[in-house]
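Peer 1: Residue strings, one per chain:
Number of protein chains: 4
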Amino acid sequence: MAVFEHRNTILFQHCDPAGLVFYPRYFEMVNEVVETFFARAVGWDFHRMHVVERLGVPMGRISAEFHAPSRLGDELDWTLTAARIGGASAELRIAGHSAGEARLSVAGTIVLVHLETMKAQRWPDGARAILENYVEEQA
Amino acid sequence: MAVFEHRNTILFQHCDPAGLVFYPRYFEMVNEVVETFFARAVGWDFHRMHVVERLGVPMGRISAEFHAPSRLGDELDWTLTAARIGGASAELRIAGHSAGEARLSVAGTIVLVHLETMKAQRWPDGARAILENYVEEQA
Amino acid sequence: MAVFEHRNTILFQHCDPAGLVFYPRYFEMVNEVVETFFARAVGWDFHRMHVVERLGVPMGRISAEFHAPSRLGDELDWTLTAARIGGASAELRIAGHSAGEARLSVAGTIVLVHLETMKAQRWPDGARAILENYVEEQA
Amino acid sequence: MAVFEHRNTILFQHCDPAGLVFYPRYFEMVNEVVETFFARAVGWDFHRMHVVERLGVPMGRISAEFHAPSRLGDELDWTLTAARIGGASAELRIAGHSAGEARLSVAGTIVLVHLETMKAQRWPDGARAILENYVEEQA
Numbered sequence: 003m004a005v006f007e008h009r010n011t012i013l014f015q016h017c018d019p020a021g022l023v024f025y026p027r028y029f030e031m032v033n034e035v036v037e038t039f040f041a042r043a044v045g046w047d048f049h050r051m052h053v054v055e056r057l058g059v060p061m062g063r064i065s066a067e068f069h070a071p072s073r074l075g076d077e078l079d080w081t082l083t084a085a086r087i088g089g090a091s092a093e094l095r096i097a098g099h100s101a102g103e104a105r106l107s108v109a110g111t112i113v114l115v116h117l118e119t120m121k122a123q124r125w126p127d128g129a130r131a132i133l134e135n136y137v138e139e140q141a
Numbered sequence: 003m004a005v006f007e008h009r010n011t012i013l014f015q016h017c018d019p020a021g022l023v024f025y026p027r028y029f030e031m032v033n034e035v036v037e038t039f040f041a042r043a044v045g046w047d048f049h050r051m052h053v054v055e056r057l058g059v060p061m062g063r064i065s066a067e068f069h070a071p072s073r074l075g076d077e078l079d080w081t082l083t084a085a086r087i088g089g090a091s092a093e094l095r096i097a098g099h100s101a102g103e104a105r106l107s108v109a110g111t112i113v114l115v116h117l118e119t120m121k122a123q124r125w126p127d128g129a130r131a132i133l134e135n136y137v138e139e140q141a
Numbered sequence: 003m004a005v006f007e008h009r010n011t012i013l014f015q016h017c018d019p020a021g022l023v024f025y026p027r028y029f030e031m032v033n034e035v036v037e038t039f040f041a042r043a044v045g046w047d048f049h050r051m052h053v054v055e056r057l058g059v060p061m062g063r064i065s066a067e068f069h070a071p072s073r074l075g076d077e078l079d080w081t082l083t084a085a086r087i088g089g090a091s092a093e094l095r096i097a098g099h100s101a102g103e104a105r106l107s108v109a110g111t112i113v114l115v116h117l118e119t120m121k122a123q124r125w126p127d128g129a130r131a132i133l134e135n136y137v138e139e140q141a
Numbered sequence: 003m004a005v006f007e008h009r010n011t012i013l014f015q016h017c018d019p020a021g022l023v024f025y026p027r028y029f030e031m032v033n034e035v036v037e038t039f040f041a042r043a044v045g046w047d048f049h050r051m052h053v054v055e056r057l058g059v060p061m062g063r064i065s066a067e068f069h070a071p072s073r074l075g076d077e078l079d080w081t082l083t084a085a086r087i088g089g090a091s092a093e094l095r096i097a098g099h100s101a102g103e104a105r106l107s108v109a110g111t112i113v114l115v116h117l118e119t120m121k122a123q124r125w126p127d128g129a130r131a132i133l134e135n136y137v138e139e140q141a
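Residue numbers (my numbering), protein chains in the order written: chain A, 3 to 141; chain B, 3 to 141; chain C, 3 to 141; chain D, 3 to 141.
Extracted from the complex, chain A is given alone in its bound form:
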């Protein structure tokens, strides 16, 4: 089982008047993790997906648990795995840690859709084969 990793720094622009990451900015980071995963691991960058092929992977649902606050200057280490790959969907598990401390855990279901019709599309075989590498082994 593969685990995709990504890292970013908590910048001034992510923080609220309390000096903590404003949680909508976490979802921007989650989107960056997914986008970078598609570009680097799946080999399907969002320019090609969205602009050339007119496909997208919107979130159908997402949930997040915030374990501890993140602050200006923290380095966030992200991991992305999958709980399940469906015909046209993928249940992703994304977690952020800083210096080994869990900061947030996110579960989100993306669906491959055609942008003109918003109808679900089956994963292409090549993408599916790669996505399946990231499925967590079950106990």
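Don't take each hint at face value.
Identical copies look the same in the list; a pair holds intra-copy or inter-copy alike.
[To be verified] Here are the simulated lysine to aspartate or glutamate pairs, DMTMM-like style, with alpha carbons at most 20 Å apart:
#1 LYS121 with GLU103
#2 LYS121 with GLU77
#3 LYS121 with GLU55
#4 LYS121 with GLU139
#5 LYS121 with GLU138
#6 LYS121 with ASP79
#7 LYS121 with GLU34
#8 LYS121 with GLU134
#9 LYS121 with GLU67
#10 LYS121 with GLU93
#11 LYS121 with GLU7
Honestly, the hints are just simulated from the structure, not real lab data. These numbers were taken from a predicted model, which means no experiment stands behind them.
Following the hints, position chains B, C and D against chain A.
Peer 2: Using the frame of chain A, we list chains B, C and D on its own:
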């Protein structure tokens, strides 16, 4: 049981290259709904809460289901109720509709904390009494 | 000479760890002022302009002077006028005040372009006639 | 004369419904360039500056010229130099290119202030000495 209502327009800045609301912007709107609810319904604006009293109401967890995409120019009608008010927390239910069509449903748990210590604080009696008005009746 | 007016509240999401408006958020507000101006004053909403007609009004250049900081909870009163309407462009003057105190002054030049080619397009006559109402009188 | 360099990728979250970078997102990138410059070149990270020392470097004024649009997936190469270092201020010059094409040029004046009083503070000697290395030579 009271229901808090709020409305906003989907602006250019909320939309992604697919012409749909980029979901992290929905969470900014959710935060605006909560912030406006505290200012107008609870009578406790975020300037007083955060700057004067050094308290905050960060999200402990949040989940969202996206039922249908929203597009540039849509009017979003938001409702906020509560599923439960705890000693220092509140389980909020926030939904967005446009022209009667459900767009998203959000469940989020906020916790009242002191910003210096990040320790939970019990709701003040006045705020609690108002919050309880928004608790959904159970079947 | 007409002056377009708009108002917004400084929300939690606009503020930085110093408790002041983070200046890129001011530009989001400026965009909202321009977008609302086109919808309400010019009668040309951004959905029709961008999605239906495939036109846009990107900024060619913009400058801002920040006179005094804005804080959480401030009400910002915006005014929009024009310094000059060109064949395919408009030099806008946008200012934000709070409780009568000048907060920022912005000068920005928008250009009407076709989104496929990014080539400048002359203002339609109806839009131009309205835009010209907002040109500041010269001393 | 030194030139500070930084690079970022244009992500989905930076782009508008026209598929181009939404210009307020450019200012978030400019802020990231400045913040990274202070951390890496000046040795003064924003956590220490803002949280520990209660100082900040807000923009007093900023202007930007947008030469060509940037699109999803573009790599942006940023440079930062200074036109002048004042007692408590610095006139920065920040430019973004992609594949050698000029995308935007920004001139911004930051002022070192104490966050409690918002009063200007003279640059510490160590920071000033480094900032002066980035001043452009004059013809």
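Peer 1: Of all the hints numbered above, which does this structure not satisfy? Sort the numbers upward.
Peer 2: 2, 4, 5, 6, 7, 8, 11
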